Structures are given as structure tokens and as C-alpha cells.
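Peer 1: The residues making up each chain are set out below.
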Amino acid sequence: MPNFFIDNPDIQFHFTNIDLKEVVSLMEDDYEQSKEFNYAPINYEDAQENYRKVLEVTGDIAGNYVAPRSAGIDHDGATFSEGKVTYAEGTQHNMHELSQTDLMGLILPRKYGGLNFPFVYYMMSVEVMARADASLMNIFGLQDIGDTIRKFGNEDQRLEFLPKMATGEHTGAMVLTEPDAGSDLQAVKMHAYQNDQGQWLLRGVKRFITNGNAQVLLVLARSEAGTKDGRGLSLFVCNGGPTVVIRRIENKLGIHGSPTCEMQFNDTPAQLVGVRRYGLIKYVLDLMFRARMGVSGQALGISQAAYEEALKYARARRQFGKAIAEIPMVSNMLIDMRVMLESNRSLFYSVAKWVDEKERIDDQIEKLKAEGKSTVEETARLKQLTKIANLLTPITKYTLTESANKITYDALQIHGGTGYMKEFRVEQLARDARITNIYEGTSQLQIVAAAGGTINDVLGYHFDECETKVYKGGLTKLSDHLKEIRQLFLQSLKYVVEKKDIGFQEVASIDLVQMYSYLYIGYLLLAEAEIEPRKVFIANRYIVHSLANARKNSEAIRSELFGDLLHADKILQ
Amino acid sequence: MHNSIVLVKQVPDTSNISGKVMKDDGTVNRSKLSAIFNFEDKVALEFALQIKDECGGKVTAVTMGPPRASDILRECLYMGADEAFLITDRKFAGADTLATSYVLAEAIKKIGSYSFIFAGRQAIDGDTAQVGPQTAEKLNIPQITYAEEIIGVSDDRVKVKKKIDGGFEILESRLPVMITVLKDAAQPRPFSAKRVMAYKGAKSLLELEKMAEGNSLLYVDKLVYEYKNRSLFIPTLTAEDLQIDFARCGVKGSPTKVYAIESVVLSGNDPERIENSRQGMNSLIDKLLEDRILG
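Line by line, the protein sequences give chains A and B. Just so you know, the working numbering puts 181 at position 181 of the first sequence, and the rest follows in order with no gaps. Just so you know, the working numbering puts 12 at position 12 of the second sequence, and the rest follows in order with no gaps.
Treat the hints as calculated values from the structure; they're not laboratory data. A hint or two may mislead.
To be verified - Anything over 10 Å on all C-beta distances counts as not near chain B; from chain A, calculated: (1) Tyr39; (2) Pro41; (3) Lys53; (4) Asp60; (5) Thr79; (6) Val85; (7) Pro109; (8) Asp180; (9) Arg338; (10) Lys422; (11) Phe424; (12) Gln491; (13) Val497.
Unchecked claim - Pair by pair, the computed Cβ-Cβ distance ranges are: (14) A:Asp7 <-> B:Gln187: 33 to 43 Å; (15) B:Ser31 <-> A:Lys312: 51 to 61 Å; (16) B:Lys210 <-> A:Ser34: 37 to 47 Å.
Computed from a predicted structure; not experimentally measured. The beta carbon of each residue, even a glycine, is placed where N, CA and C say it ideally should be.
Produce the entire structure from the sequences given, and follow the hints as far as they go.
Peer 2: What follows is the structure, encoded as C-alpha cells:
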């Protein structure tokens with residue numbers, strides 16, 4: 001009876017140490033909701049007890065129901081016939097149980113049938129679920145669509161769409177990408193127009209739409225004829241139905257359980273969400289924070305699964321008269337994987353908390369505005385939180401999804417030839433991981449997104465503070481290493497800025513962003529090492545490794561490793 | 001509408017045995033074992049919940065056990081049971097199947113009307129498979145054991161697929177009926193998150209008494225009142241509440257005595273190879289007749 005929440009001491013560590021008092025108090029209206037709902041908490045301790053117990057339910061579903069079906073889902077895949085998409089049988093069972101357990105409405109407010117959970121614990125559920133089956137995350141993890149309707153839709157839309165999403169009867173899809181608008185969403189062409197009665201209609205083609213067969217579709221479309229950029233795009237919500245034709249589903253490398261659809265909208269009636277022209281520049285960008293985190297959680301869950309497969313195999317497989325886990329080169333790989341996992345998890349939950357705070361302040365501002373009260377203080381706070389989220393959510397996605405590829409690759413390597421065969425789960429995990437650093441913004445786009453905050457040294461004040469702290473015992477050496485990394489970063493940054501070469505800066509920002517992430521994660525791990533002795537090992541390997549990497553990063557910049565970009569034509573001739 | 005009563009039991013987790021698990025008197029030392037929900041009883045609850053989903057009605061879980069058995073009653077509430085009764089008394093301790101079924105039957109009479117009583121085929125600690133059938137006998141209702149599937153339910157009848165050696169039987173019974181189920185008959189549904197949050201604080205009388213320790217008895221009444229009001233009270237029935245014959249309860253009412261538990265490993269010796277021919281077959285039959293395995 002494996003429970004994927006209870007059996008993971010590192011998740012438990014984060015569960016115990018995350019302090020969400022402020023977030024929860026805001027979400028629960030100072031615990032007033034308990035008067036109306038028997039499942040609402042009466043205080044923070046009660047709320048934590050709720051979160052723990054529900055995460056235990058999630059861990060049970062993941063370990064005992066979903067995980068055993070994953071190989072079957074990978075084998076069967078979602079299928080397409082006569083215009084209809086059918087989930088794999090295992091996925092259908094998974095969805096049935098997610099509905100039975102009320103887990104499809106984790107973050108929606110109670111008045112729409114949801115559980116009103118903080119974002120952090122939604123992310124924990126995503127990690128736990130993705131470890132069991134990565135492809136299920138692409139349905140389970142689309143709860144943000146409901147959240148977007150809650151945030152930006154009107155009350156009629158909330159009442160129309162949210163209750164059925166909370167019960168799991170309806171699922172959602174984010175319908176953004178088009179054949180000529182992938183990474184560059186500003187180029188979206190899908191036509192939105194109003195008929196004589198003022199009804200909005202959508203016409204056009206969308207591609208690579210995850211779960212496009214969903215009942216609730218959030219569609220980005222060009223509502224302002226004649227415009228060419230993001231400012232002419234609005235967000236719409238509609239149900240599927242006869243005017244939405246699914247033309248095909250993709251035949252993919254991994255996440256076979258998740259149908260990826262090509263869709264044609266033939267004058268589909270739709271409702272405008274929020275305000276015209278805000279579709280991309282406000283709503284989709286807002287959604288992106290949470291979507292990046294969702295995919296990061298998926299990557300983390302896959303990584304955890306792969307690491308466990310590798311460890312289990314390395315301990316069982318005997319060569320040269322001993323378990324291969326005892327061979328130094330193999331145990332070193334396993335340690336690297338474990339350190340990567342734990343440092344990534346620290347980053348993930350720390351950033352999830354930032355996003356949670358940002359979301360709650362956002363809600364708080366709306367509430368205060370409705371009450372006609374001043375929002376000066378909250379708006380200033382939101383501005384700061386948005387800056388941090390703008391920097392750290394892409395760093396998280398970049399780091400966790402690249403790691404997932406590395407960890408699944410190494411886990412397969414540890415299996416040797418057997419890992420290449422279908423009989424072992426690690427082969428599937430390696431395929432499933434491969435999409436995570438591509439969709440919801442490629443790694444390269446995450447670097448671009450994080451570059452601004454990095455170059456402006458948004459966390460400078462935070463690192464200043466960390467540097468003045470005195471760390472106990474052996475941690476002093478590590479905090480000195482972090483100071484050195486910071487100097488390397490600042491010198492490299494200065495070099496890049498003074499060079500005033502946009503192309504050079506774009507490539508160099510990979511190194512800069514990496515160095516910045518070492519600092520942020522390094523200080524998180526130092527703080528953890530102070531409260532949990534075992535974490536000293538994790539902090540030590542991570543920071544020592546990061547120092548070596550930072551020297552490499554800064555050397556690459558200052559030796560103008562990519563100064564030859566100018567000659568790309570000749571080199572690539 | 002069909003009300004169901006489900007008999008559930010908290011059992012020692014026999015997959016994790018350590019230390020001295022049997023007392024000198026031959027009863028199980030439960031404090032040495034972690035306790036879990038007997039799996040087949042969870043399947044029985046799933047059957048009852050499916051009847052409720054289809055026909056409406058109420059599902060009531062019942063357990064006889066020590067105070068900590070409230071743990072599995074809360075789990076019943078998490079899965080969807082409407083009410084859960086704890087039958088508990090020191091006088092019930094050490095009961096065999098005869099005494100247990102007596103108390104359960106008496107409790108069921110108190111609890112109210114029902115169309116179905118569901119129970120797991122057997123508990124993993126005693127492995128007797130007797131409590132369900134004996135309870136049915138004492139209530140004077142029909143019983144179907146080893147159920148694999150409910151095929152159909154009408155107002156006053158049920159059709160059930162029952163496992164037998166080498167196949168199955170389809171049986172029809174009038175209601176009310178006792179049905180004991182097999183572990184593969186259904187997959188118990190997971191807990192509902194909302195119900196977990198709503199009922200995590202549900203408490204039996206004994207648990208409330210413990211909470212009130214050091215306070216006056218009036219304080220217990222106040223707690224009971226408060227928990228009932230919030231639908232968080234697990235009704236608790238003692239020997240006194242049931243007005244039953246104490247001589248038929250617990251150790252006193254239990255003729256069964258366990259003297260020892262031994263791990264018996266069956267092993268074969270002197271294997272004999274028999275040719276795949278008519279002659280070989282004949283000699284095999286002769287041999288089996290000789291050993292009184294056949295005939």
C-alpha cells in the first residue's frame with residue numbers, strides 16, 4: 001500500500017516547514033468560512049491538519065490507484081476515432097477516482113464546490129500525482145483554468161463553469177497555440193468577432209492543444225481586427241460542441257495518456273473573459289506563472305519516480321560480486337540525482353509560496369476595491385511579489401525540467417541495457433520527461449523571461465541580507481562559497497552590461513541566470529541545513545558543485561566563449 | 001431505498017508482525033500490533049455504498065472492538081458511510097465468534113431497519129468466516145456468503161453471484177439478507193477529501209470522555225451535545241445500552257479457546273513420476289484410492 005505523500009520524507013519536511021499562516025488566513029476570511037462549510041478549518045492548525053489529511057488521500061490515490069495503471073496508459077494512449085477523443089481506460093478510472101475524492105476542485109473556492117486550498121498544496125498534489133503518472137498531470141494540473149475563470153471572469157461565468165469542474169465532470173483546456181503562433185503567442189490569428197446580437201464567435205485553427213477534448217475551453221483569439229500584436233488579443237471561454245471539430249490528435253514520444261489535439265473552431269459561440277485586449281498581456285501572462293509551476297511539479301514528480309527506480313535497481317542488480325549501488329561511480333550518480341531532487345524541491349516549494357502570496361494579495365486588492373477601500377499598501381506589495389514571481393517562476397521551470405531530463409537520463413543509464421527495454425518503467429519516464437522543458441515555454445524562453453530580473457539584480461537585497469547572517473559550524477565554509485558565487489555573478493554581470501551587445505547578452509544570460517539560481521537555491525539549502533542535520537549533506541554538495549559551475553559560467557562569459565556568434569553564418573556554412 | 005448495515009473490524013496488521021503478539025492465554029496481544037481496517041470489510045462497505053448510489057438509503061457501519069477501533073469508523077465516514085456505531089465494553093473483551101455474533105445481532109436490532117447487512121468474508125486475524133453467518137442466524141435472516149457481485153436489486157429481492165469451488169452460483173434472496181463479500185469483488189473507493197476534512201474530528205463517547213479527563217461528568221455531556229450538534233459524534237453502545245445477557249458476552253460467552261499458534265509448513269517428499277499413459281493414469285487412481293484421497 002504505497003502512499004506517495006507519506007512515503008516521501010522530503011515532501012513531509014517541506015510540508016512541516018512551510019509557514020502559510022498569512023496566506024491561509026486571507027483565503028479563509030479569518031476562518032469565517034467554517035460557519036458555512038463543515039469541511040472548512042476553524043484555525044490555522046486545523047487547516048494544516050486538513051491539508052495533511054487531503055494530501056494523504058492524494059498520496060493514496062497516486063500510489064495505489066494511479067501508479068499501477070501508468071504502464072497501461074502509456075501503452076494504450078488516448079485514442080481518436082470519428083472526431084472523438086477517448087482517454088485510455090486507465091485514465092478514465094483515474095478521473096473517476098479523482099472526482100470521487102473531490103480532488104479536481106482543489107484550488108476553487110468552496111462556494112463553487114472546491115476545497116479552497118492554497119497554491120502550495122495544489123503544487124504538492126501535482127508533484128505526488130505526476131510521480132504516479134505524468135500524463136494525468138495534464139488533466140489534473142489544468143485546474144488553473146478554473147482558477148483563471150474565477151479570477152478574471154464574471155460571477156455568471158463562475159457559476160456556469162466552475163461547479164462542474166470542481167466535481168471533475170468537466171475538465172479544461174488552455175487553447176492558445178496555433179500553427180504559426182507557438183512560442184510567439186503575439187502572432188495568434190484565431191478570429192473572434194461579434195454578430196448582430198453582440199454574440200462573440202470564434203473561427204480558426206489551434207494546434208498542440210493539451211486536453212483539447214475538454215468541455216471548458218479557454219481560447220486566446222484576435223478580437224481587434226487589423227491588429228498584429230498581443231494587444232489585439234482577448235480571452236474567451238466556451239464549451240466544446242458541434243462547432244469545435246477535433247481534426248486529429250498527435251502521435252507523441254511520451255505522456256501518451258494526454259491527448260494533444262488539433263482543433264478547428266467553426267463560428268463557435270463564446271463568452272469574453274474580463275476585458276477586451278487584455279487576453280495575452282494580462283490574463284495569459286498571469287496564468288503563465290501558475291502554468292510554469294504546474295509543469296515544474298510534473299517534472300519533479302517524474303524525477304522522483306526515476307530516482308526511485310534507479311535506486312531500487314542499483315541496489316538489486318549485482319555485478320562484479322556486489323550491488324552496483326556500491327560501485328563508487330554509480331553511487332555518485334545516485335547522490336547527484338538525490339541532491340538535484342532535494343534542491344529542486346526546495347526551490348519549487350519556496351517559489352510556490354511566493355506565487356501563493358502574490359495570488360492572495362491579488363484577491364485582497366480586488367476585495368478592498370469592491371469595498372471602496374485604499375489599496376496603496378497592497379498594490380506596492382503586489383508589485384514587488386510580481387517582480388519576484390517574474391524572475392523565479394521561469395528559473396524554477398528551467399531548473400526543474402532540465403533536471404528531469406538529466407535525472408531520467410541517468411536513471412536509465414544506471415539500468416544499463418535493461419533500461420532501454422520497455423519492461424522497465426524508467427524508459428517511459430525518460431520519454432515523459434522530455435516534453436517538460438519544451439511546453440509552457442521552452443527552457444530558452446524561460447531564460448529570456450528570467451534574464452530581466454537577473455540583470456536588474458531583483459534579489460540583490462535578499463542576498464545582501466543572507467550575507468550578513470552568521471551560519472553555525474561547518475556551514476560557514478558554504479556561506480563563504482555563496483559569497484564567492486555572488487562576486488563571480490556580479491563581475492560577469494558587469495562584463496555583460498558593459499559590452500552592450502544584445503546577441504552576446506542573450507546567450508550570456510543562460511550563465512547569468514544559472515549563477516543567480518545557485519545563489520537563491522544555495523541560501524534556501526543553508527537555511528534548511530540549520531534546522532535539519534541531514535540537509536547539511538545536500539547543501540554541501542549543491543553549493544560546492546555550484547561554485548565549480550559558477551566559475552565555469554563566469555569563465556565562459558569573460559573569455560567571450562560565444563563572441564564568435566557574429567560569425568555564425570561562416571561556422572554553420 | 002435500501003438501508004445497509006456494514007460489519008467492519010479493526011485487525012492487527014499481520015503483514016507487519018513483530019515481538020510477542022500472542023498472550024499466554026492464547027488471545028492476541030493487540031497492543032503489540034499496528035491496527036488496520038480489515039480489507040474485505042472495506043469491500044463490504046463499497047458494496048453498501050454502491051447500493052446507496054443506485055437505490056438511495058442510508059449506510060451504517062458497525063464495529064465491535066476496543067475504543068481505538070473508532071479509527072476505522074472514521075475511515076468509514078471518509079468513504080461515505082452516513083453513520084458509524086462503536087460497540088464497546090470491557091465485558092466484550094476476548095469474545096470468540098459465538099459471543100461476537102451475539103452482541104452484533106443485538107446491536108443491529110437496536111440500530112434500526114435495513115435491507116442489507118454486508119460483511120467481509122472473514123477477518124485476517126481469526127480467518128474463521130463465521131461472524132457474518134452466525135449473526136445472520138441470530139437475526140433469523142437469509143445469508144449469501146462469498147459474494148463476488150450484486151447482479152440486481154429490486155424492492156424486496158437481490159440477485160448475487162457467489163463464488164464456489166471451480167466456478168460460481170447465481171443466487172436470489174429475499175430482503176433483508178446478510179451478504180459476505182470476497183476481497184476481489186470490488187475496489188473500495190478512496191476517501192472523499194471533503195468528508196475527510198469534515199469528519200476527521202468525529203469522536204466516540206470514550207474518546208470524548210478521555211478529552212474531558214479531569215473535568216466533571218457534566219463536561220462530558222456538554223462535549224457529547226456539542227459533537228452531536230456538529231454531526232461529529234460516533235454513537236457508542238455498551239453492554240448496558242444493549243440490555244443483553246452478560247454471560248453470553250466476551251470471554252465468559254466464548255467456548256472457543258486458543259491454546260497455541262504454530263507455523264506449519266507443508267512440504268512434500270518422495271515425489272513420484274507418473275507416465276502420461278492409460279496405464280500411468282490407472283496406477284495414479286489406484287494410489288489415490290489407497291491413500292483415501294479419492295473414494
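Peer 1: Please go over all the hints and tell whether each is borne out by the structure.
Peer 2: How the hints compare with the structure:
Separation of A:Tyr39 from chain B is inadequate, the least Cβ-Cβ distance of about 4 Å not exceeding the 10 Å criterion. A beta-carbon of chain B comes within 10 Å of the beta-carbon of A:Pro41; the shortest separation is about 8 Å. For A:Lys53, the condition that its CB be more than 10 Å from all CB atoms of chain B is violated, with the nearest at approximately 5 Å. A Cβ of chain B approaches the Cβ of A:Asp60 within 10 Å, the least distance being about 6 Å, so the stated non-interface status is violated.
Distance check on A:Thr79: its Cβ is at least 24 Å (rounded) from any Cβ of chain B, clearing the 10 Å threshold; non-interface status holds. Taking the minimum C-beta to C-beta distance to chain B, about 26 Å, the non-interface status of A:Val85 holds against the 10 Å cut. Every CB of chain B is more than 10 Å from the CB of A:Pro109 (nearest about 13 Å), matching its label as outside the interface. No beta-carbon of chain B is positioned within 10 Å of the beta-carbon of A:Asp180; the least distance is around 42 Å.
With a least CB separation of 27 Å from chain B, A:Arg338 remains clear of the 10 Å interface cut-off, as annotated. Every beta carbon of chain B lies more than 10 Å from that of A:Lys422, the smallest distance being close to 26 Å; the non-interface claim holds. Remark: the non-interface label on A:Phe424 is consistent with the geometry, its nearest Cβ contact in chain B lying 26 Å away (cut-off 10 Å). Remark: the non-interface label on A:Gln491 is consistent with the geometry, its nearest Cβ contact in chain B lying 51 Å away (cut-off 10 Å).
Against chain B, the non-interface label of A:Val497 holds: every CB pair exceeds 10 Å, the least being about 50 Å. Taking the beta carbon of each, A:Asp7 and B:Gln187 are about 21 Å apart, not inside 33 to 43 Å as hinted. Between B:Ser31 and A:Lys312 the Cβ separation comes to about 34 Å, which falls outside the hinted range of 51 to 61 Å. As the Cβ distance of B:Lys210 to A:Ser34 is approximately 24 Å, the hint placing it in 37 to 47 Å is violated.
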